[in-house]
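If you follow the hints, you should be able to join the two separate chains into one complex; please do so.
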Amino acid sequence: MRKLFILAALTLSLILACSPALAQTSSAQQRREERQEQHQERLRERVELVITRFDNNKERHIAVYNALKQRLAETAEKLESLGYDLTEIRADYQTLDSKIVKFAQDYAAFVDQLRAVEQYEQGTPEFRNAIESARSKLRTVKDDSLDIRHYWQTVVRPDLKELRKQEPKAPESSAPVSSSTGK
Amino acid sequence: MSVRKTPAAIVLLCVVFLLVFLMIMGISCGKKTETRTSGESVSTDDAKNTIDQAIIEFEAKMKSIDPSDFNDAPLNDI
Numbered sequence: 001m002r003k004l005f006i007l008a009a010l011t012l013s014l015i016l017a018c019s020p021a022l023a024q025t026s027s028a029q030q031r032r033e034e035r036q037e038q039h040q041e042r043l044r045e046r047v048e049l050v051i052t053r054f055d056n057n058k059e060r061h062i063a064v065y066n067a068l069k070q071r072l073a074e075t076a077e078k079l080e081s082l083g084y085d086l087t088e089i090r091a092d093y094q095t096l097d098s099k100i101v102k103f104a105q106d107y108a109a110f111v112d113q114l115r116a117v118e119q120y121e122q123g124t125p126e127f128r129n130a131i132e133s134a135r136s137k138l139r140t141v142k143d144d145s146l147d148i149r150h151y152w153q154t155v156v157r158p159d160l161k162e163l164r165k166q167e168p169k170a171p172e173s174s175a176p177v178s179s180s181t182g183k
Numbered sequence: 001m002s003v004r005k006t007p008a009a010i011v012l013l014c015v016v017f018l019l020v021f022l023m024i025m026g027i028s029c030g031k032k033t034e035t036r037t038s039g040e041s042v043s044t045d046d047a048k049n050t051i052d053q054a055i056i057e058f059e060a061k062m063k064s065i066d067p068s069d070f071n072d073a074p075l076n077d078i
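Chains A and B are the protein sequences, given in the same order. At position 20 of the first sequence (counting the first as 1) the number is 20 in our numbering, and the numbers step up by one without a gap. At position 46 of the second sequence (counting the first as 1) the number is 46 in our numbering, and the numbers step up by one without a gap.
Next up, chain B with everything else stripped away, as it sits in the complex (with noise of 0.2 Å):
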């Protein structure tokens, strides 16, 4: 009886696996991509990281000078 229980059981178990491997796999893709009508998919989020990431560096360099750098108190100087 457990004899043949057994490859029962273990064609159970490695369905059970592969059902959970591809949720997994299925999750992690659709949280980075999205699936488009013509099939091809494009990673959005890398794209917002481009974006994101560009901005922070703009206001960085754009902190780094100041307009005041140009009033005229050092033509006093002369």
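Looking at chain A on its own, in the form it has when it is part of the complex (with noise of 0.2 Å):
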């Protein structure tokens, strides 16, 4: 019985005794959970801030590329009017939307891959991977945003300059230039 006493005392003091220790290590856990869960959280805010400065760059370029497509729709269609074959500028104008379609949808696939960053944490080789796979789209949509305007300076102008050489001629009524691709 008095062993058991002694046993059972020495089981509470030991207790007592490591209780702050263990107190201790669950508030530094908790604390490394607060610090990553902030460390997400502003990591985050800087990944919607990087996508928001992209986007705005993004709508003017679709802004300048939609301006440019109508301009030429209707240049074409007043040419036409004046008997002018437009043939090559259908073709180009079909090829520029094509071009536009596909910077509107690698920059899609750009900032998929930029948000699927934020649920890696911070350097790791996951984290690191998903950045270098969004730099890697990047490239992609600025190429495109190349490639349009090396078609513009190559393509397109070229085919209005050679129109000025063009003999015009009988009108003839035929759709307009806009009409097959509906964008």
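Keep in mind the hints are simulated off the structure, nothing from the lab. Hints should not be assumed to be uniformly reliable.
To be verified - Computed cross-link-like contacts, DSS-like style, restricted to lysine-lysine with a CA-CA straight-line distance of at most 27 Å:
id	chain 1	residue 1	chain 2	residue 2
1	A	102	B	48
2	A	161	A	137
3	B	63	A	69
Unchecked claim - Computed footprint of chain B on chain A, listed as stretches where at least three residues anywhere in the stretch have a Cβ under 8 Å from a Cβ of chain B:
id	region
4	32-42
5	56-62
6	76-87
7	124-137
Backbone N, C-alpha and C define an ideal beta-carbon position, used for all residues, glycine too.
Shown next, in the form of structure tokens:
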């Protein structure tokens, strides 16, 4: 009975001695989790800030491309009514349209990839891989933008200038250049 | 004598004015249009102006954007 009493006392004193250490460990763990949560929140904010910045640029580019398409369609309609052959310009319009669609799709893929970064812990290999993948997708978007500019400079503009030399024929009633794309 | 000459001079003057008028009209129309075999005329100047105007507008629009807007430097901030 006495032995049992001594054992219970020893156990109780051991628990009392260890409880501050246990409490400290638990609190450290909690602080670590809180810090981790704050890191993730800051990461989310930074990602969203970068996306907003790129979104503004993307909107400006899309607005210019759409204005180009509209102006090209209007110009083509007017020239067609004056009897010009616009076969080349029609083809250019279609190609330009498909390039703009590709630009928008690649941009959406880049933003998706960037949002995927948020789910990884900063500094981990997964995080670095996700950032590299987003970087690669952004390069594709930039290449698309360069491609559209290059296409305008090397194809659409020369074709428009070539129209100046064309001898107009009798005006025909045909569909407007934009009718086939619907964009 | 002078009474008989007056109507002839007026007629001559009118003919000269008419010729000058037709010449001026002919020159101005010739500049702006070309006459086709079908007899239909098309304003080529108008078409060329349209093309030039479109090219100028396109150039200005293209200059307002830059592919470097998609440089990856902002990704370093993450």
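Comparing the hints with the structure gives:
1. Between residue 102 of chain A and residue 48 of chain B the alpha-carbon distance is near 32 Å, which puts this suggested pair outside the 27 Å criterion.
2. A C-alpha spacing of about 35 Å is found between residue 161 of chain A and residue 137 of chain A, which places the hinted pair above 27 Å, so the restraint is violated.
3. Between the alpha carbons of residue 63 of chain B and residue 69 of chain A the distance comes to roughly 16 Å, so the proposed pair stays at or under 27 Å and holds.
4. Counting residues of the region 32-42 of chain A whose beta carbon lies closer than 8 Å to any beta carbon of chain B gives 0, which falls short of the minimum of three for the stated coverage.
5. A count of 3 residues in the region 56-62 of chain A with a Cβ less than 8 Å from any Cβ of chain B is obtained; the coverage claim is therefore met, three being the minimum.
6. Residues of the region 76-87 of chain A with a Cβ under 8 Å from some Cβ of chain B number 5, which satisfies the need for three, so the listed coverage holds.
7. Only residues whose C-beta sits within less than 8 Å of a C-beta in chain B count toward coverage, and the region 124-137 of chain A has 3 of them, enough to reach three; the restraint holds.
The earlier numbered hints that this structure contradicts are 1, 2 and 4.
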